[in-house]
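The chain contents come next:
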Amino acid sequence: MIASCNHFSLSGRARLQTSVTPVEDAQHKCALRRSLQATAAPQPSTTAAGIKAELLTSLRDTNRGIFGLPAAKKNAILGLVTALEAETPVPSPTSCLELCAGRWRLLYSTITITGVKRTKLGLREFIRLGDFVQEIDTVHAEAINTVDFNVAQLSMVGGALTVRAGYEPVGPARVAITFKDASLRPPQLQKLFEANYDLLLSIFNPEGWLDITYLDQEHRVGRDDKGNVCQPSAKKAVKSQYSCGRSSGERLVELVMMKVIITRQPLAAGHI
Amino acid sequence: MPIQDVLSAVVAPVKHDMELMNTNIKNIVGNRHPMLMAAAEQIFGAGGKKLRPVLVFLVARATAAHMQMRDITDKQRRLAEITEMIHTASLVHDDVLDECDTRRGMRTGKKTINSIYGTRVAVLAGDFLFAQSSWFLANLDNLEVIKLISQVIADFANGEISQASSLFDTDVTLEQYSDKSFYKTASLIAASCRSAAVFSDVSPDIKEAMYAYGKHLGLAFQIVDDILDFTQSAEQLGKPQGQDLASGNLTAPIIFALRNPLVKEELLDILSSEFVEEGSLERALHLVQLGGGLDAARALAQQEGETALAALACLSDSPAKRSLQQMVEYVLHRIY
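Chain order of the listed sequences is A and B.
With our numbering as the guide, the letters of the first sequence map in order to residues 1 to 272.
With our numbering as the guide, the letters of the second sequence map in order to residues 273 to 608.
These are computed hints drawn from the structure, not numbers from a lab.
One or more hints might be untrue.
[Said to hold, decoys possible] In silico EDC-like cross-links for lysine to aspartate or glutamate, where the CA-CA straight-line distance does not exceed 16 Å:
| # | chain 1 | residue 1 | chain 2 | residue 2 |
| --- | --- | --- | --- | --- |
| 1 | A | Lys74 | B | Glu550 |
| 2 | A | Lys73 | B | Glu549 |
| 3 | A | Lys74 | A | Asp61 |
| 4 | A | Lys120 | B | Asp443 |
| 5 | A | Lys120 | B | Asp441 |
| 6 | B | Lys536 | B | Asp443 |
| 7 | A | Lys73 | A | Glu54 |
| 8 | A | Lys73 | B | Glu550 |
| 9 | A | Lys74 | B | Glu549 |
| 10 | A | Lys120 | B | Glu546 |
Generate the whole structure from the sequences, applying the supplied hints.
Here it is, written out as structure tokens:
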């Protein structure tokens, strides 16, 4: 696939205008390729499919790892992820970013909310976390991340935190992410989280770099090597305990995402 | 003197008062709602030491003796019942919240109301006790006492909520712990001791002293409870060891241990991961001991006990006063 991209580049470049940026150029190549091939969706190899199946089984009942997992379990997951990354069918995903377009659902992340952070955000008894969903808009180079909440009151008020970020390819597999804005719906949730809004954002702020280390038609893995994920322009100095446990230079698994195929059928039981 | 004998000696001056109260209180509940009579027997039956009404009677008799009254008043008797009803109501509701099958610490394995009769009866029984005690309180016709005791019910709720909102908060200070302990435990004891003194018509400084006695005795009581959560085995406690810690409720022993650089880092690590690793709870219990947390907590309990004793100085001597002094020894004995 990559070879065929290069193959078209010469004839493509001859027809393109000189003002095209490298990114637009790459996207155009992808569009050309897709129009000429029956399907461009990357399939995992048999090996990858096998590793994926094992990984997905191991992620069952982990609740995205958000409330912590024993070290042995975390290492086992990491081992499978690393093995899967070695089998990625798309080694240079930033040249075909439309493959990332659409809706993704978080299956696992090394982001954790435990201890006093979990208490302060009311995530023990008052508020239940729902799905973490990411909508990637490749036309506007934006990612819209949504975290669903349920507030355990009389009428189980539902709400969401939405974080909008822009992305820009800065390497064959790397995108730079800039925070744009965040909002809480409904307004009542704003009041609830007021005191800890900085904490909330420091956990869910995607600002920094992301390497797309595995990509196929259904699943995606990303790793970041950010140090402090807290928003640099925050008015208050955010305490170090809120830096989500990441240290600079440490490459952690950021996301294991699954593409949400919008169908009319409900998800099967036991689905992660 | 063996501790059972200490307790008997402490209760001796008010033994008859307690017997009268026990009969009366069961009737209060059962007469109004016969359906609750069986529950009343379960709630107020033999088993608990009923230290709170004992304290009310002791303060009543000690202050009455000080004022050279002939006997304690009916209002003081009613006050003892009110105190026990409020305390029991909170226990009944607590058991529902904790989904307990057996009341903690009962070696006989006394079953809880909710396990025998179901959650609904338990909640209603608790509500009934709170409501009935409020009615009796109002009928005591003393605004000072009404305010003192009503404040307690609000304090119970505040204590529970503030505990829930600071789980795993390793920045918790000793002062915050002390405030929470006051709301949970000492508030009722302090208010009821002061109220007992009110009905003996004592001077303001003796009322103040009885409040101080109840408050510091109550705090000592709570600190002892918190120490025992770390030190006692499952059979002794009536629940698994270290449950406070496991649920993120950080009490005196660990607050002190976190000040010790020897164990601080590892404890913070374990706490922030919420004991997700196998054996981490046991490790934390060991670290608290190693870091001197238990010793420091014992010293704090001892200190509170001494403050309580000092508050009794203003009272003239009497058997009841001597019992109040011995009560401090009794409360502290379990930590040694």
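Verification of the hints:
1. Of the supplied pair hints, the one linking A/Lys74 and B/Glu550 holds, its CA atoms being roughly 14 Å apart against a limit of 16 Å.
2. The straight-line distance between the Cα atoms of A/Lys73 and B/Glu549 is roughly 10 Å, inside the 16 Å bound, and the hint therefore holds.
3. Taken as a hint, the A/Lys74 and A/Asp61 pair is honoured in the structure, with Cα atoms around 13 Å apart against an allowance of 16 Å.
4. Simply put, A/Lys120 and B/Asp443 have alpha-carbon atoms about 12 Å apart, close enough for the 16 Å limit, and the pair holds.
5. Proposed proximity of A/Lys120 and B/Asp441 is supported: the alpha carbons are some 9 Å apart, at most 16 Å.
6. Between the alpha carbons of B/Lys536 and B/Asp443 the distance comes to roughly 12 Å, so the proposed pair stays at or under 16 Å and holds.
7. Among the hinted pairs, A/Lys73 with A/Glu54 is consistent with the structure: their alpha-carbon atoms are about 13 Å apart, no more than 16 Å.
8. Note on A/Lys73 and B/Glu550: the hinted pairing holds, with a Cα-Cα distance of about 12 Å set against a maximum of 16 Å.
9. For the proposed pair A/Lys74 and B/Glu549, the alpha carbon gap of about 11 Å is at most 16 Å, so the pair holds.
10. With a CA separation close to 14 Å, the supplied pair A/Lys120 and B/Glu546 stays within the 16 Å bound.
Of the hints listed earlier, there is not a single one the structure fails to meet.
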